[in-house]
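Student: Please construct the entire structure, taking both the sequences and the accompanying hints into account.
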Amino acid sequence: MTGRLAAPPHPAPAGPVAGTPAALRRRYRLARLDIKASPYLFVSPYFLLFALFGLFPLGFTVWVSLHRWRLAGEKEWVGLDNFSFLLTYGPFWNSVVNTVAMFVIATVPQLLAALLIANALNRRMRGQLVWRLAILAPMVTSVVAVAVVFNQLYGLRYGMVNWLLGLVGIGPIDWRADSLPAWLAISSMVDWRWTGYNAMIYLAAMQFIPRDLYEAAAIDGASPRRQFWSITVPQLRPVIIFTVFVSTIGGLLLFTEPMMFDNGRFRGGSTGQFQTTTMFIVELFRDRNNYGMAAAAAWILFALIIIAATVNYLIVHRIRGSR
Amino acid sequence: MTTGITAATSRPGAAAPAATPPARRRGGRGRRSRAGSHQWEATPLTRLTLIVAIALSFFPLWWMIVIASRTNADATRFPPPILPGGNLWNNLRTALSDPSSHLVTGLVNSFIVASTVTFGVVAISTMAGFAFAKLRFRGRSALLVVVLLTMAVPLQHIGIVPLYIMMVELGWTNTLHAVILPFLVNGFGIFLMRQYALQAVPDSLVEAARTDGANTARIYWNVVLPALRPGMAVLALLTFMLNWNEFLWPLLVLDADNPTVQVAIRQLQQSNYSADFAMLFTGTLISILPLVVIFVAFGKQIIGGIMEGAVRQ
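In order, the protein sequences belong to chains A and B.
So that you can map any letter, position 231 of the first sequence is 231 in the numbering used here, and since no number is skipped, the others follow by simple counting.
So that you can map any letter, position 212 of the second sequence is 1212 in the numbering used here, and since no number is skipped, the others follow by simple counting.
Hints are supplied without guarantee of correctness; some may be wrong.
Derived CB-CB ranges, DEER-like [what the hints assert, rightly or not]:
hint, chain 1, residue 1, chain 2, residue 2, range
1, B, N1174, A, L112, 39 to 47 Å
2, A, I306, B, E1169, 53 to 61 Å
3, B, N1174, A, W77, 29 to 37 Å
4, B, N1174, A, R225, 53 to 61 Å
Stretch by stretch, here's where chain A covers chain B in the computed footprint (C-beta under 8 Å, at least three residues) [claimed, not checked]:
hint, region
5, 1062-1076
6, 1105-1113
Stretch-level coverage of chain B by chain A, calculated; a stretch enters the list once three of its residues show a Cβ under 8 Å from a Cβ in chain A [said to hold, decoys possible]:
hint, region
7, 1081-1094
8, 1163-1173
Treat the hints as calculated values from the structure; they're not laboratory data.
C-beta: ideal position from N, C-alpha, C; glycine also.
Tutor: So, in structure tokens, the structure goes:
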């Protein structure tokens, strides 16, 4: 590689070889222009696409949300009506409750399990890479694939989960009939896919904790468990905040798992018992042609994400303080 | 190139001497007797934790293979079968040849979409990452903040309503560029490439190339890109996997007879095969095969990339 790196400096001989002062000046001006303008050229593809497919839709959402907006129909200005309607609309809040519940049920055990797994992976062991790959294996599935398999496992009459529960005398549970069992089932799909990924992130950070800390704690007689909670976890705080943040965004936009759990429909069960807010939004504009209200719901969801991220940040931040 | 990744993974550690990954300290055996060192030995409990975790990780994948290689009756039999059967080829043939499933179209579309997005994201990210890391220009830090913000929020999902309206108005529904273009906006890639360029491309190299008369484009092509290659590989792998999995947007924009593979699976779930788990699982198995191949071939790099990204947050 060094050979290739060394190559570029040579081909354009600058200096005495080039002829007249005019040519020199022109080359100098070109070089100045290059230095001034090139950085913008290099970042422009991103910002162009960002403006078109990121910024414009975001702004346009505001515009749409202030209208009664039907595709290929009348667009009527309604001001904040969509918002005020949604704020007192049961099905909307139902979807918010489902979303937040599944986010909490999925995230808390997931991150705790990821910490434990990372701590276990952080030991001296043979075949380190194999262990890590095995833990990360769920990465090779798509969300849809996970949902298809779990959907079958959580079947009412022929699902393996109910069969196993039946062996110990529980059930059978209709996982789709009520909110709580559906939340648990859907959360287990989320956890299955993401625990190993988060474990890998924690593991990366654990390897940067100075070992002297542990040695000093051990001399002071701290048990491994104590060391884990008093050294490992506090040291990991920035990374924990990061994973909580990412999980918050992912969790509040949850869509695929609950949708596939209802055989690919947007309703989330007969009475929306596990309909998430994203499903609610999609149902509004795809099935009911109500783009204005869907846009308003998207904005409220966006606000909720920001609030949730802030709250989570504060909570995780507090843990640091109360050591 | 594999060594490049390993080097990249350990590079941040070079700054902090205490940061050597404990597991790599094979030489530190003498320290074992010292207080606290037993912390790093794998105990039976550690192994048990990992074995349980791995069993849980693999079980649904194994179950997918078991049922995909059997008949539907086996999926509902108790106690359930544990080993794969002999029906896999048969199921594969049916799944791929049945015109109503559109699995083949889905696979082709997903390949086109995921590869194009990957190529685009890598190109856009290396250019911008290089500019943010190595070029000086007015407004650089402000623009970088914008990139970091877009990294956190998946705009394609927040702005889904207007994006969809946009596609309808442009007449782009049921086209592949409708599912490609929005996903080229990827702040994470720029962030990753910027961090990589900061470390992999020494300033002196850029300066030297410039004194020798190379313009910025030439420096990018001949100096920066070769140095970024290991990082590009990781970004490409992660981007491909992410986009192979994309579901919501293609579901909305593409028609039923022209799906991506994820959408095709959903259609399979809603079709005549909805009650035929052997077929459903076979389709699902096909849909993850490219990911399995990538994971087996480049697992080490993917782990390196994930851990690398984590440390840099």
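Student: Each of the hints needs a verdict: does it hold here or not?
Tutor: How the hints compare with the structure:
1. Taking the beta carbon of each, N1174 (chain B) and L112 (chain A) are about 44 Å apart, inside 39 to 47 Å as hinted.
2. The hinted range of 53 to 61 Å is not satisfied by I306 (chain A) and E1169 (chain B), whose Cβ atoms lie roughly 29 Å apart.
3. Distance hint check for N1174 (chain B) and W77 (chain A): the Cβ-Cβ separation is about 31 Å, which falls inside the suggested range of 29 to 37 Å.
4. Between N1174 (chain B) and R225 (chain A) the CB atoms are about 57 Å apart, so this pair conforms to the stated range of 53 to 61 Å.
5. Evaluation of the coverage hint for the region 1062-1076 of chain B: fulfilled, as 5 residues show C-beta separations to chain A shorter than 8 Å, against a requirement of three.
6. Closer than 8 Å: that is the beta-carbon criterion, and the region 1105-1113 of chain B has 0 residues meeting it against chain A, so the requirement of 3 is violated.
7. With a cut-off of 8 Å between beta carbons, the region 1081-1094 of chain B has 0 residues touching chain A; three or more are needed, and the interface restraint is violated.
8. A count of 5 residues in the region 1163-1173 of chain B with a Cβ less than 8 Å from any Cβ of chain A is obtained; the coverage claim is therefore met, three being the minimum.
Checked against the numbered hints given earlier, the structure breaks hints 2, 6 and 7 and satisfies all the rest.
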